[in-house]
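Peer 1: Sequence:
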Amino acid sequence: MEPDNTPVLVGVGQFTEHQSNPDHLLSALDLAERAATLAVRDTQSGDAVINAIDTVAWVRTFSDSAPQFASQFGFSSNPPRSLAKRLAANPRTVIHSTAGGNVPQALVNEMAGKIRSGETGVVLLAGAEAIANEVFALKNGLSPDWSEAVDDDVEDRGLGIAEMATPHEIKHGVLDFAPLTYTLFENVARQQRGHTLLEHQQAMAQLMADFVETARANPFSMFTHIADPEALAGDDSPVTSLYSKQFCAREKVNQSAAAIMTSVDRAKALGIPESQWVYLLGGAEATEKTLLRRRDLAASEALKAIFDCLLPLLEVTAKDFKYIDIYSCFPSAVGAAMKALDMEAGEHPRLTLTGGLPYFGGPGNDYSLHAIAEVVDRLRSDRKALGLITANGGILSKQAVGVYSGLPSTAPCQLPEKAVIQATIDGIPDEPVAEKPRGPATIETYSVRYSRGKATGAVVIARLRDSGERCIAVVEAGDAATLEKLEVEDAMGLLGRVAGDEKTTFTFG
Numbered sequence: 001m002e003p004d005n006t007p008v009l010v011g012v013g014q015f016t017e018h019q020s021n022p023d024h025l026l027s028a029l030d031l032a033e034r035a036a037t038l039a040v041r042d043t044q045s046g047d048a049v050i051n052a053i054d055t056v057a058w059v060r061t062f063s064d065s066a067p068q069f070a071s072q073f074g075f076s077s078n079p080p081r082s083l084a085k086r087l088a089a090n091p092r093t094v095i096h097s098t099a100g101g102n103v104p105q106a107l108v109n110e111m112a113g114k115i116r117s118g119e120t121g122v123v124l125l126a127g128a129e130a131i132a133n134e135v136f137a138l139k140n141g142l143s144p145d146w147s148e149a150v151d152d153d154v155e156d157r158g159l160g161i162a163e164m165a166t167p168h169e170i171k172h173g174v175l176d177f178a179p180l181t182y183t184l185f186e187n188v189a190r191q192q193r194g195h196t197l198l199e200h201q202q203a204m205a206q207l208m209a210d211f212v213e214t215a216r217a218n219p220f221s222m223f224t225h226i227a228d229p230e231a232l233a234g235d236d237s238p239v240t241s242l243y244s245k246q247f248c249a250r251e252k253v254n255q256s257a258a259a260i261m262t263s264v265d266r267a268k269a270l271g272i273p274e275s276q277w278v279y280l281l282g283g284a285e286a287t288e289k290t291l292l293r294r295r296d297l298a299a300s301e302a303l304k305a306i307f308d309c310l311l312p313l314l315e316v317t318a319k320d321f322k323y324i325d326i327y328s329c330f331p332s333a334v335g336a337a338m339k340a341l342d343m344e345a346g347e348h349p350r351l352t353l354t355g356g357l358p359y360f361g362g363p364g365n366d367y368s369l370h371a372i373a374e375v376v377d378r379l380r381s382d383r384k385a386l387g388l389i390t391a392n393g394g395i396l397s398k399q400a401v402g403v404y405s406g407l408p409s410t411a412p413c414q415l416p417e418k419a420v421i422q423a424t425i426d427g428i429p430d431e432p433v434a435e436k437p438r439g440p441a442t443i444e445t446y447s448v449r450y451s452r453g454k455a456t457g458a459v460v461i462a463r464l465r466d467s468g469e470r471c472i473a474v475v476e477a478g479d480a481a482t483l484e485k486l487e488v489e490d491a492m493g494l495l496g497r498v499a500g501d502e503k504t505t506f507t508f509g
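Taking the UniProt record's numbering, the leading residue of the sequence shown gets 1, the next gets one more, and so forth.
No lab work stands behind these hints, which were simulated from the structure alone. Keep in mind the model is a prediction, meaning the values are calculated, not measured.
In silico EDC-like cross-links for lysine to aspartate or glutamate, where the CA-CA straight-line distance does not exceed 16 Å: (1) LYS268 / ASP4; (2) LYS268 / ASP47; (3) LYS322 / ASP382; (4) LYS322 / GLU347; (5) LYS289 / ASP426; (6) LYS114 / ASP54; (7) LYS339 / ASP308; (8) LYS114 / ASP265.
From just these sequences and the hints, can you work out the full model?
Peer 2: Written out as structure tokens, the structure is:
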């Protein structure tokens, strides 16, 4: 008889520390250990599953994702091996992932393929963020030592940031402050829907209201004081020209999640009851064009290409999903996913299982592992339902999707090659880009940044009037006249001027 290598998720765990403990400030690894221990317990197989773990995959923390996020209190030199040692596991493979919110679902897809092929037997996926504890320590003059020196081998996959933006785009700050860049997308979506600034604020509030309600009911939500849904549009704490704090992912959390995957045959051998099994029916990933090359700044061509490939293979449509978690760092990310699914606002009763990154919490790159844990819990008690997870990395740069069920499929797990999907995206013509633009240019989208209620700068994407090429430019804090015009007017389509060699500036002067 052929071995049944159908991949299944057999254990999940989540842990949230709502209040920092000054006597014992937990590190990200401390938090991850708790979630992983819960995931092991969730398998109902005791130590058997720990002894069988042959792969540990760690979702890269913010502190390891960029120099500006580096922890002042140290961290492990080999996080996945550190976690394995805490659990008394001895995996032959440990993986330190790339950065990006797409990573948890991408790892599930990758590990499903390795389980299906027999290359891997039992996998532990884990991640965590302890940024709230770090902020607490800094405010209170505490100095916890979170450093761990581990010399064992690790498959360190690096940051993976090159896929997110070009050096020219990075120079203009597109990766420096996520709300600023996602507001660029939001303004395009606003224009496409024919909304005024006020109308779009209200539309965003309506879109995110269900996220708020879900977060309020979720015991793993980091935040106990969440704004009333009807108050979202009236928040007077601007972060950008369209986003208040209530619309932005909140990274100051102490949250962790973990999941254990194996095959049907191995689950049986380990004594894991079928009541704990949930099936990955299929999954896929794709990478978007870099920012200025995209034809529609309010869309995710990557997500659309994934759905257009994966859903027909599974013979399902968007209407078949009872449980959905759309990556929700900002409303524009939710809107792009809905657009890719051809879904209108209000068409599905709920687009989150956790409550979303602004209300449940935004634990760095690891958020979607919480969503995966939630969909596993839902499907265990609702076997005939289907679940959908979307996971977004960068600036709508890297996408991963997973389709889950409480029942096995008659077909094998569908894991289409990324290259097949990527060919669709790569076949879309690039928008023409000028990296040293000069002259009149029409605003295609813009985003103003605020600090304590005061505009401190802006980013503009514009089209050169003469050539039609797209360019990116900044508005410096000292250009009060241009900033004021961007603040008080709907500046979409307005004409200004761009100039600069290494860094381009935009002005109405």
